[in-house]
Every structure is written in structure tokens, then in C-alpha cells.
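Trainee: In case you want the letters, here they are:
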Amino acid sequence: MKTRSIFFTFFLFCNLSSSCLAETLLHISSGFTPPVSDFYRSVLTEAAKRMNEVSITLETLPAERSLALANQGVNDGECCRIPSVTIHQYENLIPIDISFYSARFSAFSKHKNTAINSFDDLKPFSVGTVKGWKIAVIKVKEAKPREVHIVTTPDQLLQMIQQDRVDYGVVGYLSGLQSIVNVQATSVHAIEPPLIEKPLYLLLHKKHSSLIPLFNKTLSDMLADGSIDKIYKQLTESLKPKTAGN
Amino acid sequence: MKRFKGKISKLLVLYIVLFSSIVTIVLTGIQLWVDYNQGVNNLHQRIKQIELTNIASITQSMWTMDSSLIQIQLDGLVRINDIVFVKITDENGKLIASSGDASTKNTIEKNIQLQYLYRNKNTPLGVLKVIATKENIYQTLIDTVIVILISQAVKTFLVSIFILVLFNYLVTRHLQKISQHSDEIELTKKTKELNLNRTKYNSIENDELENVVQSINMMSDNIYKTYISLIDNQLQLTEKDAKFGAIFDSLSDAVVITDNDRNILQVNQAFYELFGYTDHELKNRNTLMLYANPDEFHTQGRARYNTKSANEFSVYEIEYRRKDNSIFPSETMGGGIRLPDGTKIGFIAIIRDITVRKRAEEETAHLQEQIQQSHKMEAIGQLTGGIAHDFNNILSSILGYAELSKDKLLDSNDEKLLKYINNINSAGERARDLVAQLLAFSRSGPSNPKQINLNSLIDDVISLITPTIPSSIKLIKETSPNIPLVLMDDTQMHQILMNLCINARDAMQGHGQLTIKLSHEKNIDAICNSCKEHIHDEYVKLTIEDTGTGIQQNILNKIFDPFTTTKCIGKGTGLGLSVVHGILHRHNSHIIIDTLTDKGTCFHLLIPPIKKADIKQTLQATETKERLHNGKNKRILVVDDEESVAEFMQEYLQSQHYIVTSVTSSKQAIELFKNAQAEFDLVITDQTMPEMTGDELVKEMLNIKPNIPIILCSGYSEKIDEKKALELGCARYLTKPISNTTLLRAIQETLSSYLTDTPH
Numbered sequence: 001m002k003t004r005s006i007f008f009t010f011f012l013f014c015n016l017s018s019s020c021l022a023e024t025l026l027h028i029s030s031g032f033t034p035p036v037s038d039f040y041r042s043v044l045t046e047a048a049k050r051m052n053e054v055s056i057t058l059e060t061l062p063a064e065r066s067l068a069l070a071n072q073g074v075n076d077g078e079c080c081r082i083p084s085v086t087i088h089q090y091e092n093l094i095p096i097d098i099s100f101y102s103a104r105f106s107a108f109s110k111h112k113n114t115a116i117n118s119f120d121d122l123k124p125f126s127v128g129t130v131k132g133w134k135i136a137v138i139k140v141k142e143a144k145p146r147e148v149h150i151v152t153t154p155d156q157l158l159q160m161i162q163q164d165r166v167d168y169g170v171v172g173y174l175s176g177l178q179s180i181v182n183v184q185a186t187s188v189h190a191i192e193p194p195l196i197e198k199p200l201y202l203l204l205h206k207k208h209s210s211l212i213p214l215f216n217k218t219l220s221d222m223l224a225d226g227s228i229d230k231i232y233k234q235l236t237e238s239l240k241p242k243t244a245g246n
Numbered sequence: 001m002k003r004f005k006g007k008i009s010k011l012l013v014l015y016i017v018l019f020s021s022i023v024t025i026v027l028t029g030i031q032l033w034v035d036y037n038q039g040v041n042n043l044h045q046r047i048k049q050i051e052l053t054n055i056a057s058i059t060q061s062m063w064t065m066d067s068s069l070i071q072i073q074l075d076g077l078v079r080i081n082d083i084v085f086v087k088i089t090d091e092n093g094k095l096i097a098s099s100g101d102a103s104t105k106n107t108i109e110k111n112i113q114l115q116y117l118y119r120n121k122n123t124p125l126g127v128l129k130v131i132a133t134k135e136n137i138y139q140t141l142i143d144t145v146i147v148i149l150i151s152q153a154v155k156t157f158l159v160s161i162f163i164l165v166l167f168n169y170l171v172t173r174h175l176q177k178i179s180q181h182s183d184e185i186e187l188t189k190k191t192k193e194l195n196l197n198r199t200k201y202n203s204i205e206n207d208e209l210e211n212v213v214q215s216i217n218m219m220s221d222n223i224y225k226t227y228i229s230l231i232d233n234q235l236q237l238t239e240k241d242a243k244f245g246a247i248f249d250s251l252s253d254a255v256v257i258t259d260n261d262r263n264i265l266q267v268n269q270a271f272y273e274l275f276g277y278t279d280h281e282l283k284n285r286n287t288l289m290l291y292a293n294p295d296e297f298h299t300q301g302r303a304r305y306n307t308k309s310a311n312e313f314s315v316y317e318i319e320y321r322r323k324d325n326s327i328f329p330s331e332t333m334g335g336g337i338r339l340p341d342g343t344k345i346g347f348i349a350i351i352r353d354i355t356v357r358k359r360a361e362e363e364t365a366h367l368q369e370q371i372q373q374s375h376k377m378e379a380i381g382q383l384t385g386g387i388a389h390d391f392n393n394i395l396s397s398i399l400g401y402a403e404l405s406k407d408k409l410l411d412s413n414d415e416k417l418l419k420y421i422n423n424i425n426s427a428g429e430r431a432r433d434l435v436a437q438l439l440a441f442s443r444s445g446p447s448n449p450k451q452i453n454l455n456s457l458i459d460d461v462i463s464l465i466t467p468t469i470p471s472s473i474k475l476i477k478e479t480s481p482n483i484p485l486v487l488m489d490d491t492q493m494h495q496i497l498m499n500l501c502i503n504a505r506d507a508m509q510g511h512g513q514l515t516i517k518l519s520h521e522k523n524i525d526a527i528c529n530s531c532k533e534h535i536h537d538e539y540v541k542l543t544i545e546d547t548g549t550g551i552q553q554n555i556l557n558k559i560f561d562p563f564t565t566t567k568c569i570g571k572g573t574g575l576g577l578s579v580v581h582g583i584l585h586r587h588n589s590h591i592i593i594d595t596l597t598d599k600g601t602c603f604h605l606l607i608p609p610i611k612k613a614d615i616k617q618t619l620q621a622t623e624t625k626e627r628l629h630n631g632k633n634k635r636i637l638v639v640d641d642e643e644s645v646a647e648f649m650q651e652y653l654q655s656q657h658y659i660v661t662s663v664t665s666s667k668q669a670i671e672l673f674k675n676a677q678a679e680f681d682l683v684i685t686d687q688t689m690p691e692m693t694g695d696e697l698v699k700e701m702l703n704i705k706p707n708i709p710i711i712l713c714s715g716y717s718e719k720i721d722e723k724k725a726l727e728l729g730c731a732r733y734l735t736k737p738i739s740n741t742t743l744l745r746a747i748q749e750t751l752s753s754y755l756t757d758t759p760h
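Same order as they appear, the protein sequences are chains L and P.
Residue 1 is where the first sequence starts when you use the numbering used here, and the numbers rise one by one after that.
Residue 1 is where the second sequence starts when you use the numbering used here, and the numbers rise one by one after that.
Chain L with its partners taken away, still in its complex shape (with noise of 0.2 angstroms):
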């Protein structure tokens, strides 16, 4: 009896043991490119840590489309938007309380003395966008500069500039300091301040909704403890040497 009795409690703690210890994986898209996807992954990946029955996945995917796949429940959820841009197209998609990084909207150009504060001051010249970044994309649309590309990449933008095909640039800060290095578009520089900046959200499918608490509390502790800033701080610094002066 006694021996019946022993194996049924270590029967039930295994059971209980391996329920407790099961991981969900989300995978996680996102329609950034280097180095900010690398930032997300990063913070991602150490909240995950923290979170342990959590595990992530990020994978870069054309920005359209990687909302499209999240919203269908394809993927998991998708990093980072704006959500008041993207709630009323992708019902699915909850976004959490806390955000870890805002979007920073910068024009890039070889003019270095034109004073472009606004999209306004956009309205006399040929400026490019890339496709995908919502925001940046209406903004450009609403300013009506006197020509308008809409590119696919922001590799594709800064060689436009650094070619002249058009004069002004309106992409993320990171991606076009990315695409300098990578292009090679030395001439090309950002312009001070920023166009527009707006704090951006992770959007978990409405089947993860469970999952929001946790995530607020994690991330709310990593911003707290100075984990993302610190990754962030890694991350621009890697970008430094090709461009200084920004």
C-alpha cells in the first residue's frame, strides 16, 4: 500500500512537472529591416528569458506581408507598429501596454543647409519613401512634394539619393544609417531633428492575449532595469563610425 501510495505522488508530480515546464514559442514577424530587427530580436530574446515558459522567434518579412501573416494567425505577432495606423485593418492583432522603442522618422539627403523641419518643407522637392512604414509613407502623400517614389527598401531609397534621383528621403533614422553603410552613400546624411517619432508596440494575435500581462510586466522591468537601453546603446554603436557627425 504504502509503496502503491509513493508511486502514484512521483506518477502526479511528473505530470504536474512537465505542464508547468512547457514553453510557448511564438513566432514573431517583422516588417523592419537590420539593425532595428536585429534590436528587436535582442530585446525579444532577453524577454523571453525572463518570461521562461516563453520562447521567440523573429523573422524579417516584407512589412505588408508580415502583418498580413500575423493577423491571419500565420505567425504570432508582429514587431513593432503603430497601433491607432494598423488596428482598424488587422482586427486580430492586440497590442501590449508597454513600448520598448519609437520609430524615428528622419530625411536623408546630400543637401546639408536646407532647414527641413517638416514634411511641409518637403513640398518643393523629389522625395522618396519606402514602402511598408505607413506613417511615413501618408505623411509624404499629405506634404504632395513635387514628386513622389515610393521604394521597396531602404538600401533602394539611399541610392536614389546618393544618385540624385530624388532630393530628400524620409525613412527610419536606424534603416537609413544602415542602408548608408551598406550602399556606401557617404554623401548622404540625416537630417536634424527628426520628421516624426512615435513610440511603436508589440502586437501579439488575439489567440496570445494571455500573454499581454506577462509581456507588460517583463518588458516594463527591462525598461525599468536599463536591459533595452543598454541594448539599444550596443546597437547605434556599432553603427558609429560610418556615421559620425549624426
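Incorrect hints may have been included.
Said to hold, decoys possible - No more than 30 angstroms apart at the CA atoms, straight line, and that leaves these computed lysine-lysine pairs for DSSO-like: (1) P:K419 with P:K522; (2) L:K144 with P:K94; (3) P:K674 with P:K705; (4) L:K134 with P:K87; (5) P:K719 with P:K376; (6) L:K134 with L:K233; (7) P:K7 with P:K240; (8) L:K198 with L:K134; (9) L:K49 with L:K233; (10) P:K408 with P:K450; (11) P:K94 with L:K141; (12) L:K49 with L:K207; (13) P:K48 with P:K7; (14) P:K522 with L:K206; (15) L:K49 with P:K121; (16) P:K110 with P:K121; (17) P:K94 with L:K207; (18) P:K450 with P:K517; (19) P:K240 with L:K134; (20) P:K517 with L:K206; (21) P:K699 with P:K723; (22) L:K207 with L:K233; (23) P:K94 with L:K139; (24) P:K129 with L:K134; (25) P:K177 with P:K190; (26) L:K141 with P:K699; (27) P:K419 with P:K450; (28) P:K240 with P:K177; (29) L:K49 with L:K139; (30) P:K121 with L:K207; (31) P:K699 with L:K134.
Please keep in mind that the hints were generated in silico from the structure rather than gathered at the bench.
In this text the structure is predicted, and so the values were computed from the model without any measurement.
Once you have looked at the hints, place chain P on chain L.
Mentor: The following block gives chain P in isolation, referenced to the frame of chain L:
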């Protein structure tokens, strides 16, 4: 082109063109069908090519959601031949991009699924719809058709011309010459030989045209020979036909010859005369129009002219219709006409008009009926007259002795015995009335004709009969003005009218209308219903018409026979109409009956009107009778073979103070009269006696004593009647049974007349 105007050439060209056109159309249709299928297959191949070469890049663009690139790619697709419209929808059916014109008709389309291998799974990205037009295929087909038709038309035209020329050279021109030669062939001339203008090759020897030429030459030669032979035969046949025609037309009976469908081929002169048609009117006509009853045409066809009996002639009676629509009876002999080999070639009918014969037969039949009726009525009359005579003798004794007995008993006050005698007397009188009716029927009863006004007599009868007719029967009298007088016994005429009115009343069974009409008919043409004599003369017509039950046709010929009645037993004696018959015919009158069952009956009495000469004689006779003489104590000789009658007369006349001698033998009487003629003032004799009849006795006595008044009495005799008796010299003629009063009055009148007229 004149040389190609022949019908065969035209037909040849027409058939070539027709056949060539049909073949061209069929082959072109097949080619178009093949080309169309090939064009459609090419379109499918083209779409397949797009699927193979463009789908990968388009899928990639869809994966990256590069709308601009997608649009560029689609614009590129619609530049491919026959591709008119392409569009891409996402996995939710939302339109992503499109290019081209979607409204194009006559298209084929294909939907291509776009999938992207993501994380080892085919992720649906949307659908590429490709629409290709078949317009180019159709245009190609139209071009093909135009080319084929034009080329075929040219080819057909050239081939037709070639064949036409060739055919004309080889055949048509020779046929035209053969035709022209055939037209020139004349029956009465020998035709020259036909030769065709042909190049002589070995191959044309004995070909079809040469055979035709030989045949025509032979035929024209034979025709001329046959003509010569026919001329000879015709001369012989004309002579035969003339003889046959003369015989045919000389027949008195109509003859008609028809074909197997009974269409008229030939008729003789008698036929034209009998039916009234002309030769032109009978041409191509069927014998159906000759039949009075068209049904007979078919009946005769089945009965006489069917194939089995067509060779056997039969004789039958049938009615035909002339051209003027008059119908006549005929005796027809009809049958089929066959050739010696048995082939039936038509029919022949020989028709004889038997109108006259039929009329004669009808008149003979009527005459026979009249004779039979006359014989019948005569025989019945003799029978009833004979019976009446014997009855009258018996009744004379019965009634006479009854009256004597009654006179004797008047003083004895034996009322019971007097009652018995009265009953005997009544029964005797009824029997006497019955016998009187029998005598009236046999026309041998007493008759006293005088001129009477029927109008007045009808009024008398109406006043008499009215009380006996119920008020529900309406009695009407209709008379015409100026009705002539008639010579009749008024009492008997009275009796006739009473009989007929009573019969009419009984026939109406309480409801109806009794009409008595009187008219003067100057031209009556009818047959008497009782004697069956055909009458056509001037008559006074007295009609008694009722609305009763009518008389059934099966008893119409018997109603005048004595004792024939339709009334219940005890209601009638069956002598009423017999009496009417007897009285009327005694006065040279007749009777006609119109009757319809349940509608009523009309008795038309036809009485000859009186003539002026008759009126004078009648007046003289009437005046003579007015003078009477008292002849008591005169001497009377009574002769009667019936002993009882003789005894009765003697006893009765003696009671009336006459001196009477009676004998029962006529010979005895003549002997007595010879010896004592001065002893008698009057002789009363019976007619029917065994040794010597009354009329013979009268002659003997008048020879002995011419001025002796003789009263001749008879119960019934065919030999004598009142008229004959008076002509014989008799003073009076009395019909038995004779009442005592009548006898006494007759004796007084006779004696009075003789005493006045003769110088005693």
C-alpha cells in the same frame, strides 16, 4: 451561248455547281471546325505559358505585396496576344490589381491559384484570373472562309464551263440533231436516214449515240410501214363501225357503255332521247348523275358491277333521273364487258322506260281491288237480302198475328196477355228495323227518292243530335251558298247523317269538335273507299269531320262490311256504315274517308246534284200520291206461298171489311184469275214464290186484265225493286215486313187511284 441553251446542259451545270457547293461547304465546315479547335487550344497553351513563366514573379510580388510591381506585371500580361484581361484578388477575394477590358465577349478564362511556400507550407496569396478572347480566332476563321469560298467558286466555275463545253461537243449537239430529225418524222412520208456529224474514231462505233441513231432510223421506217398497214385496216374498220353505229342507234332501249369506273364512254340515240342530255353534257361524266337515288349507284355497284359478277348480266328495276330532274322507273339489264382474254374493260346497261307499264299495272291492280270489293259487297248483299226476305215473311206473320191478337184482346181486359202481345209486337218491330237496315245495305229496301235540300236536312239532324252530344264536344256547321238539290230518300239521308254523327261522337270519347260541311264540288277526282270505283264528276260534298281516334288502316277496308264494329258489345250493331254504303250507292253516291290515327276522321259523302228533268218527274209522282180513295168492300186476291202470311192477310183484310180470297200457289192464282178476273178489284202478291215469281204473275195477270191494280210485296229480291215493279205495271211495291197500317193505306191509295183514273 445559244448552243448551250439545252435543258440537259443547264441541268448538268446546275448539278455540278450544286454538288461542288455542297462539297465545298462541308469541307470548309470541317476545316473551320478544326481551325477553331486549334485556335482554342493555342489560347489554352498561351495561358499555360503565362502560368509557367509569369506566375513565380507575380507570386513573389504578391508575397511582398508590391502593388506597383503587380500592376506592371499585369499590364505586361495583357500585351500578350489574345489576353484581354487579367486581375489579381487576394485570398479574401479583394481586388489587388487588374488590367485590360473585362467586357470583351467570346472569351475563355482561367483562374490560377497563387501560393507561397512559407514555413514549409503553401500559403494561399490569392487568384490570378486570365481572360483570353476568341475574336482573333473568329476573324481568322472568317478570313479562311472567304478565301476558301472564292477559290472554290472560281474553280467550280472553270470546271463547269469545261464540262459544259465538253458535254455539248460530245452529246448535246447530237441530241439536238436527233430531236430535230424526230420532229421531221411524218406519218405519211418516208423520212430520210439520220446521220450524225461525228469524227470517226474506232471508239465511237456502236456507242450509245450510234445505237440511238440506228434505232431512230429503224423506228421511222417501221412507222411508215405501219401507217400504210393501218390505212388498209382503217378502210375495213370504218365499214364495220358504220354498221355497228346504225344497229346501236336503232335500238329502242337506251344503252350506255362505261369504263371500269363507270364513267360514260358511249350512249345510243335512244339514251339521248330518254334522258335529255346532249353528247357534250355526257362527256367525262359518271353514271352517278343518272340515278334518282344516289345511294342506288353504290348499291348497284356492289350488287351488279363487282368483279365476281361483272360478267353476268342481271335484270333489275330502278329509277333514273332525267336532265330536267324528272324521275322515271326503268327495267335495266346491266353487266360487265370483258375482252376474250377475260380482261374487264367496262360495263354496259340497257335501260327500258317502264312508266307506261307501271301505270297500267297500277290501274289493273286498282281495278282488281275494285272488282273484288264489288263482288264482296254484292255477295254480302245477296246473303243479307236472302236472310231478310225469309225474316220478313216470318216477321209479317208474327207482327200481323200479334196485332190481330191485340185487337181481339182489347175487349177481354186481360192485361197480362195484352202485355205479352205488346212485347211480341215490340220485339218484332225491332227485328223489322234490323232487317230494314240489312235491306238498306243490300240496296233492296224500300226507297222513296225525292229532291231534298241538304242544308235543311243538316239543320234537322243537328237539332236532333245536339241533345245526345256532350257540351265538351263542339258542333260546327259550315255550308256554302247555292248548294244544288239532290235526289234522295230524305228518311234514309237522315239515317246516314245520324249514323255518321253518332259514330263521330263515340270516336271523340267526350272531347273534340264535330264539323258538318256542305259544299258543291264541280270536279271531284277520287276513289270511293267502299266500292273502290274511280270517280271524277260533279258532286255535292257533305263532310262529317271529327277529331276522334281515327280509323286504323288495317280495318279501313272492312268498315263497310255488315256487323263490323269497333264499339263494345251492345253499343252498336255493326250495321251503321253498311247502311251508309248501301243507301249512298243506291243513289249513285260515293264515300271518301280521310283518317289519321289519334287525329280524327273525315267522311266525305259525294252525292250527285239533281238535274232539271229529274225535278219534273218527281213533282208529278208526288202529286199522284195525294189522291186517296176509300176502297172498303172491294174484292182482293192475296197470293203468297207462305201459308201463315196468306192466312193473316186474309183474316186482317176481312176484318177491315174487304172481301178476300187467298191462295198459296202462283199457278193456282193465275188459274183462278183467268176464270174469275171480274171478281177481283185488287191483287196482292208476293215476289218470291217457287212456281212462278211475283213479277211473272204480274205480267200474266196484266195480260189477262191490263187495268187490274196489283200490289207486289217482297222481303228481298235481286230481280225486282220498286222501280222495276212500277215499270212492270204494278200499282205499288211494298217491302216486307209490312205493318197492317201500311198495308191498309197502300190498298186504299191504290184503289182510290185506280177508281179515279179508270172508267168503272
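Trainee: A separate judgement is required for each hint: does it hold in the structure or not?
Mentor: Now the hints, each set against the structure:
no., hint, in the structure
1, P:K419 with P:K522, "56 angstroms, violated"
2, L:K144 with P:K94, "28 angstroms, holds"
3, P:K674 with P:K705, "9 angstroms, holds"
4, L:K134 with P:K87, "25 angstroms, holds"
5, P:K719 with P:K376, "19 angstroms, holds"
6, L:K134 with L:K233, "26 angstroms, holds"
7, P:K7 with P:K240, "47 angstroms, violated"
8, L:K198 with L:K134, "12 angstroms, holds"
9, L:K49 with L:K233, "20 angstroms, holds"
10, P:K408 with P:K450, "39 angstroms, violated"
11, P:K94 with L:K141, "24 angstroms, holds"
12, L:K49 with L:K207, "21 angstroms, holds"
13, P:K48 with P:K7, "60 angstroms, violated"
14, P:K522 with L:K206, "138 angstroms, violated"
15, L:K49 with P:K121, "29 angstroms, holds"
16, P:K110 with P:K121, "24 angstroms, holds"
17, P:K94 with L:K207, "25 angstroms, holds"
18, P:K450 with P:K517, "22 angstroms, holds"
19, P:K240 with L:K134, "132 angstroms, violated"
20, P:K517 with L:K206, "132 angstroms, violated"
21, P:K699 with P:K723, "15 angstroms, holds"
22, L:K207 with L:K233, "34 angstroms, violated"
23, P:K94 with L:K139, "26 angstroms, holds"
24, P:K129 with L:K134, "29 angstroms, holds"
25, P:K177 with P:K190, "18 angstroms, holds"
26, L:K141 with P:K699, "178 angstroms, violated"
27, P:K419 with P:K450, "39 angstroms, violated"
28, P:K240 with P:K177, "43 angstroms, violated"
29, L:K49 with L:K139, "38 angstroms, violated"
30, P:K121 with L:K207, "21 angstroms, holds"
31, P:K699 with L:K134, "178 angstroms, violated"
When the structure is compared with the earlier hints, violations turn up for hints 1, 7, 10, 13, 14, 19, 20, 22, 26, 27, 28, 29, 31 and for no others.
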